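Trainee: Chains as they are written, first to last, in our numbering: chain A, 1050 to 1349; chain B, 409 to 635.
Certain hints may be false.
[What the hints assert, rightly or not] Keeping only pairs whose Cα atoms sit at most 35 Å apart, straight-line, the calculated DSBU-like set for lysine-lysine is:
#  : chain 1 : residue 1 : chain 2 : residue 2
1  : A       : Lys1301   : A       : Lys1242
2  : A       : Lys1242   : A       : Lys1121
3  : A       : Lys1301   : A       : Lys1339
4  : B       : Lys450    : A       : Lys1242
5  : B       : Lys450    : A       : Lys1227
6  : A       : Lys1259   : B       : Lys450
7  : A       : Lys1259   : A       : Lys1227
8  : A       : Lys1177   : A       : Lys1259
9  : A       : Lys1177   : B       : Lys581
10 : A       : Lys1227   : A       : Lys1121
11 : B       : Lys581    : B       : Lys450
12 : A       : Lys1242   : A       : Lys1120
[Claimed, not checked] Between beta-carbon pairs, the in silico distance windows are:
#  : chain 1 : residue 1 : chain 2 : residue 2 : range
13 : B       : Asp590    : A       : Gly1112   : 52 to 58 Å
14 : B       : Gly492    : A       : Arg1220   : 46 to 52 Å
15 : B       : Ala625    : A       : Ala1150   : 16 to 22 Å
16 : A       : Glu1168   : B       : Asp590    : 28 to 34 Å
None of these hints come from the bench; they were simulated from the model. Note that the structure is predicted; figures quoted are calculated from it, not measured. Quick reminder that beta carbons are idealized off the backbone N, C-alpha and C, glycines included.
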Amino acid sequence: MTSQPETTRHGTLRLKVGLAEMLKGGVIMDVTNAEQARIAEEAGAVAVMALERVPADIRRSGGVARMADPKKIREIMDAVTIPVMAKCRIGHFAEAQILEALGVDYIDESEVLTPADEEYHIDKFQFKVPFVCGARDLGEALRRIAEGAALIRTKGEAGTGNIVEAVRHMRLINRQIKWLTTLGDEELVTAAKQLGAPLELVRLVAREGKLPVPNFAAGGIATPADASLMMQLGAEAVFVGSGIFKSSDPAKRARAIVEAVTNYDRPDVLARISEDLGEPMPGVDVHELKEQELLQTRGW
Amino acid sequence: MRQPNGDVRTTPASSPPPNHANRDDLVIGVLALQGDFFAHGKRLEELGIRWRRVREPADLAGTAGIILPGGESTTLLRLLASSGLDEGLVDYWRSGGAIFGTCAGLILLARTVLNPTQQSLGFLDVTVQRNAYGRQIDSFETRGRWSPPGASEPTDIEMVFIRAPRIVQVGQKARPIAWHQDEIVAVQQGRVLGATFHPELGAEYTVHEYFARLCVAEVTATTKYAS
Chain A
1050 MTSQPETTRH GTLRLKVGLA EMLKGGVIMD VTNAEQARIA EEAGAVAVMA
1100 LERVPADIRR SGGVARMADP KKIREIMDAV TIPVMAKCRI GHFAEAQILE
1150 ALGVDYIDES EVLTPADEEY HIDKFQFKVP FVCGARDLGE ALRRIAEGAA
1200 LIRTKGEAGT GNIVEAVRHM RLINRQIKWL TTLGDEELVT AAKQLGAPLE
1250 LVRLVAREGK LPVPNFAAGG IATPADASLM MQLGAEAVFV GSGIFKSSDP
1300 AKRARAIVEA VTNYDRPDVL ARISEDLGEP MPGVDVHELK EQELLQTRGW
Chain B
409 MRQPNGDVRT TPASSPPPNH ANRDDLVIGV LALQGDFFAH GKRLEELGIR
459 WRRVREPADL AGTAGIILPG GESTTLLRLL ASSGLDEGLV DYWRSGGAIF
509 GTCAGLILLA RTVLNPTQQS LGFLDVTVQR NAYGRQIDSF ETRGRWSPPG
559 ASEPTDIEMV FIRAPRIVQV GQKARPIAWH QDEIVAVQQG RVLGATFHPE
609 LGAEYTVHEY FARLCVAEVT ATTKYAS
């Protein structure tokens, strides 16, 4: 056996994006305890998001929402074999350090929790663990990627069971990407200024016609049809927050949404799996939310 | 370890093997239920090979081989069952279709799966341990040796391991074809390949090229479902 030169590396961007590649075509489900985590895994989730409370409850209870208790996260990590994600507050790099020490597989620097820093997001290149961040438009997505995010998701409006904001964010990102592909080199400089995004990333998107990292949907997905809608709009996987465990039959709905993401472009299959799922989570009309109640405006 | 369809290794072929002597006619399927199937498809495209997403048994028609991509094996098992592809792949294997599994795809192909035990197709005579290196922070990229049958000397290739399984035991029917240090990271058994790493994320085309050649190779008594 010849010996290999030691060239082993951990925590590279390729490894971070690589895990997101493995999650494509899948459903990441919010869970608050080991039992829910097992239900999610059994239903076919590709990963779970370990939380103290789902976004609908965070929204209702108010106050400061923080990283979950490490004991709770460990309990969920011990319960399943699929990747476990956890949320930290925007800009709260100490929470992120703790989550990395716990060994979570992905960190969501999330607007669902109360921001810890209104000026700066986390420098995600300082971590070996990959980060996912929310975005409402292309500029925001590229700023997060510039900070080291390996995966982007739409923000949507978490905890509402209302897909309208996720649709708005996905369509806007798509439209802005298309727009970049039509611009000349000199126009890209101005576009970068308008988007508030680094020129190098703007050039990359203009050339490739897509984000340099995977793009998932989140924020308001409650039904198989919602999942299909987001996939047809270009999402590569979906996060379901409150939509599963706030519904009347979580296991059945979870299985149906998993099937829906795989078969997103087959209405006949979607019709069959959407049958008889019980009550979805109660929804919220985002137009009835006050400006300060919106989660999506957290971060920049 | 229970196989989903009983012991199929002794069952005769149910349909004639595909004939793809000409590379121009070659179409390779990529299991597209969940996982990094587009990354595999892109590799094939860049090699000038046509590929097709496979989500139900009918999609296998006309393909000479299928790639089972990386993803989550627990999710893939569920979707294989609901799509009928669990049985479809057994028929495909019996009829001599070439099969290549990476990471989760290898877990699906193994005879025995540990940590925890779970169902598998059993086309490869290996025991595989899931998440054997630890969690995502333990994922790594490195270089290793690729040395399949017919290679005059080993090739040094990039190997990307993401929450990877380990091949902890190789049975008599399977042949090791790649190593990282002293560890076996890929095996071949007839027309079936399995790797614990992700050649679709590495720098070289070596592994996909080898699989494409396996797809067009004539099916013989020795290459068909056990060597």
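Trainee: Take a quick look at whether Lys1259 (chain A) and Lys450 (chain B) sit within 35 Å of each other, Cα to Cα.
Mentor: OK: Lys1259 (chain A) and Lys450 (chain B) at ~15 Å, within 35 Å.
Trainee: Tell me if the beta carbons of Glu1168 (chain A) and Asp590 (chain B) are separated by a distance inside 28 to 34 Å.
Mentor: With Cβ atoms ~50 Å apart, the hint is violated.
Trainee: Is the Cα-Cα distance between Lys1227 (chain A) and Lys1121 (chain A) 35 Å or less?
Mentor: The given pair, whose Cα atoms are some 42 Å apart, is violated under the 35 Å limit.
Trainee: Hey, Lys581 (chain B) versus Lys450 (chain B), does the alpha-carbon distance stay inside 35 Å?
Mentor: holds, 31 Å
Trainee: Need the status of pair Lys1242 (chain A), Lys1121 (chain A): alpha-carbon distance at most 35 Å?
Mentor: Violated, because 43 Å separates the two Cα atoms, which is more than 35 Å.
Trainee: Given the hinted pair Lys1177 (chain A) and Lys581 (chain B), is their alpha-carbon gap at most 35 Å?
Mentor: Since the Cα atoms of Lys1177 (chain A) and Lys581 (chain B) sit roughly 39 Å apart, the hinted pair is violated (cutoff 35 Å).
Trainee: Within a Cα-Cα threshold of 35 Å, do Lys1242 (chain A) and Lys1120 (chain A) meet the stated pairing?
Mentor: Violated, at roughly 44 Å.
Trainee: With 52 to 58 Å as the target window, see if Asp590 (chain B) and Gly1112 (chain A) comply at their CB atoms.
Mentor: Since the Cβ atoms of Asp590 (chain B) and Gly1112 (chain A) sit about 54 Å apart, the hinted range of 52 to 58 Å holds.
Trainee: Given the proposed pairing of Lys450 (chain B) with Lys1242 (chain A), does the C-alpha separation stay at or below 35 Å?
Mentor: holds, 33 Å
Trainee: Starting from the range 46 to 52 Å, see whether the pair Gly492 (chain B) and Arg1220 (chain A) falls in it by beta-carbon distance.
Mentor: At roughly 35 Å between Cβ atoms, Arg1220 (chain A) and Gly492 (chain B) fall outside 46 to 52 Å, so the hint is violated.
Trainee: When you check the alpha-carbon spacing of Lys1301 (chain A) and Lys1242 (chain A), does it fall within 35 Å?
Mentor: Distance ~47 Å between Lys1301 (chain A) and Lys1242 (chain A) Cα, so the pair is violated.
Trainee: Does Lys1227 (chain A) lie within 35 Å of Lys450 (chain B) when you go C-alpha to C-alpha?
Mentor: The given pair, whose Cα atoms are some 21 Å apart, holds under the 35 Å limit.
In this structure, the earlier hints numbered 1, 2, 9, 10, 12, 14, 15 and 16 are contradicted, and the remaining ones agree with it.
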